[in-house]
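Trainee: One letter stands for each residue in the lines below.
2 protein chains.
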Amino acid sequence: MADQSSGQKVWRVGVAGLGTVGGGLLSFLAECPDFAPAGGRAVVTGICARSRSRARTVDTAAMTWFDDPVALAKSPDNDIFVELIGGSDGPAKAAVEAALALGKPVVTANKALIATHGAELAKLAEANGAPLLFEAAVMGGTPAVKILRESLVGEDVVSVSGILNGTCNYILTEMETKGSSFADVLAEAQRLGYAEADPSTDVGGFDAAHKITILAALAFGGAPNFAAAEIEGVDQVELEDIKLAHDLGYRIRLVASAVREGSGVAVRVHPALAPFGHPLAETRGALNALFIEGRRIGRIFIQGPGAGAGPTAAAVAADIADVMTLAKRPVFQSPASTLVPEPAISAADRISRVFIRLKVKDQPGVIAAVSETLAEAGVSIDGFLQKPSQGEGAVPIVLTTHATAESVVLEAVERIARLPAMLERPKLLRIARV
Amino acid sequence: MADQSSGQKVWRVGVAGLGTVGGGLLSFLAECPDFAPAGGRAVVTGICARSRSRARTVDTAAMTWFDDPVALAKSPDNDIFVELIGGSDGPAKAAVEAALALGKPVVTANKALIATHGAELAKLAEANGAPLLFEAAVMGGTPAVKILRESLVGEDVVSVSGILNGTCNYILTEMETKGSSFADVLAEAQRLGYAEADPSTDVGGFDAAHKITILAALAFGGAPNFAAAEIEGVDQVELEDIKLAHDLGYRIRLVASAVREGSGVAVRVHPALAPFGHPLAETRGALNALFIEGRRIGRIFIQGPGAGAGPTAAAVAADIADVMTLAKRPVFQSPASTLVPEPAISAADRISRVFIRLKVKDQPGVIAAVSETLAEAGVSIDGFLQKPSQGEGAVPIVLTTHATAESVVLEAVERIARLPAMLERPKLLRIARV
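Chains as they are written, first to last, in the working numbering: chain A, 1 to 434; chain B, 1001 to 1434.
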């Protein structure tokens, strides 16, 4: 497949998508084409991107330009196809399928593609003997895919959870440290290039959900089941939540988690409070972090950069080096023909501690009414904070509860919402499991 | 090599050494022989240990007993040889060499062996086409070897540093939380089985030095160079150091580090102060932790169990699964024939912040004399604490310095030691780089 005439094996690489990661990869391979210990040299022979005329960070004169990523994927002039286009369908999927159908190894950073079509692509890959690798899809340069796939093989993983979206974590950190609103921080992040022009994939929690879906499949041995993920983003987090959580000793983080419970797996993304000192609370800015808990190994924590040209290109390069080792293993934890999605379990059955924020009229008896409603429902209060009136008779109250079934808490909050003294709908956030 | 007649490939495993890790491995493979996604079944066919009569956690009736690990390594009745004997030389080395010479894959947890003879064993392995894997040698079930070898391939690693010996970290944590002396905590740890009867390998820093030597080789692309490691253990850490460091906002940890500086690499193990809130200060009990810093990827942090039957056996099993993939890669970061030890650089040239503990006579002018001596040497004081007299006119003083060349600090401390008011030799500990 690869040219061996020079004595050193040369792996010709086709790269589709020349954004941040693609540009980073071209720079990496131009700087150190002989990076792989397995002894192959990686040379980019073909490229494809949205705009042919855009300036590139490296000289692309010796690379063949393709307008169509599928044509690049099929080209006999490359031995490895790298897909950095993005998107769960469309040209990215078509190009990956085209390469795999020819038995050509594929390396991708496309979390949406793997989370949505991972099982069928794995079938295609294995039927044609082609590796399909996607370390760069999750946590950028911080290895998470390889750890779950190779280091924890055979381990009974109980849960994986953490911070998988750097944009959201940057926004939450900035809101807390600068005291700025979500909208202001988002606008600044867009100006600096930390957030996309259309930020909905990130701030809506979908990007983190794609990633935790992939990790859940590797952790629990099933097929990726994106449709079963429960997703809540950070767009509903207000500065007031962050400030009041801070007053109680917590920071708000967008937590992605996959937990094995009984016969199923709960995959969820939602904002959650982590106490000061907790590794998730101390994961700031664009960093990512992941806890992996297993029956034999106990708990592993990994923290590192989750995005950026350098780290993500390094993850793509590591996958290219893995292709060169000619290792034979399934794409997920068992042959794709045997993969089934893990049954999803309902969030309502979950036991959680929660943070409830209320805005009430400044009048006697309100606190008694709230605490009685919770007590009647069997919800036990752990922390309570009433702030001074904000004028116009509006008093903010926050409280945290002990662990309770979420269905019970939701019902109690519905009753609190109907109390006559309520000025706003109560806001409810979960507290991260420590 | 492996039996394929049943349709499923069976890999016959010979295990030499049935202590904690060996017992854990036998349990693991008895429980889930089909753990490897690459589709092979692992069956233990031969065993060897110090005592044949000792009770085992699993039924070994179907396994062939060997008195001699070399005979087990050479036996045609196993396809993979697992070495869990320990020790840099003697039977462990002889058995590993025997297996590799026959082209048989070797998996080992033996950090002393790899740190001391890694390069020559890699040559033997590569000459005979046999994988030599040692994930379990460092951080038990927490992947460190694979991350450096495969995930950060091609990365310009700047430093690796962390806590690599769980016994020492357990002792330091217990001394701090219980206020007990080193000797008392060590005795208790031995009683509980957390420390060996002969604890010198752990508390003397040698175990951590073996591990950081291996990580340094993988991080910087050289041969393991254990002889060049500078090693200081925790046996000189007194309760007084821990208490006074605590008063200044620090915890004492045994830090193993490998840092690229100029044309060489400094590999060191020594007690160091980490400020409260720093991930190393917050790594407690028997946990291990590692920072990996690279030019492209930035900084990755990993924390998890560093020892124990479950985690370490899981790491051995992961290596067995890797053997089954038939991946071809060098043992270290380039073919063994090209490996050379990284040149060691002198510690004296290093810039460090330090913690100095003094015991002085309770008389006027002492603080002035100490601070003048430091000022004359150009050492700038960052923090200073004088505790009340301990009776008999002895006053404890601790101070921390700003970053200074270690040679300069050592010289200043020598001069302080000669001041007439000194009651003890000054104690000097480094502050971990944050």
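Where hints are given, some of them may not hold.
[To be verified] To spell it out: a stretch of chain A is covered by chain B in this simulated footprint if at least three of its residues, at any positions, have a beta carbon under 8 Å from a beta carbon of chain B; those stretches are:
1. 28-35
2. 149-158
3. 260-266
4. 295-302
5. 327-337
Just so you know, these hints were derived from the structure itself, not from any lab.
Since we're looking at a predicted model, the values are computed, not measured.
Ideal placement from N, C-alpha and C gives every residue a C-beta, glycine not left out.
Trainee: Are the hints correct? Go through all of them and say.
Mentor: Hints and how they fare:
no.	hint	verdict
1	28-35	holds (count 3)
2	149-158	holds (count 7)
3	260-266	violated (count 0)
4	295-302	holds (count 8)
5	327-337	holds (count 8)
The structure fails hint 3 only (numbered hints given earlier).
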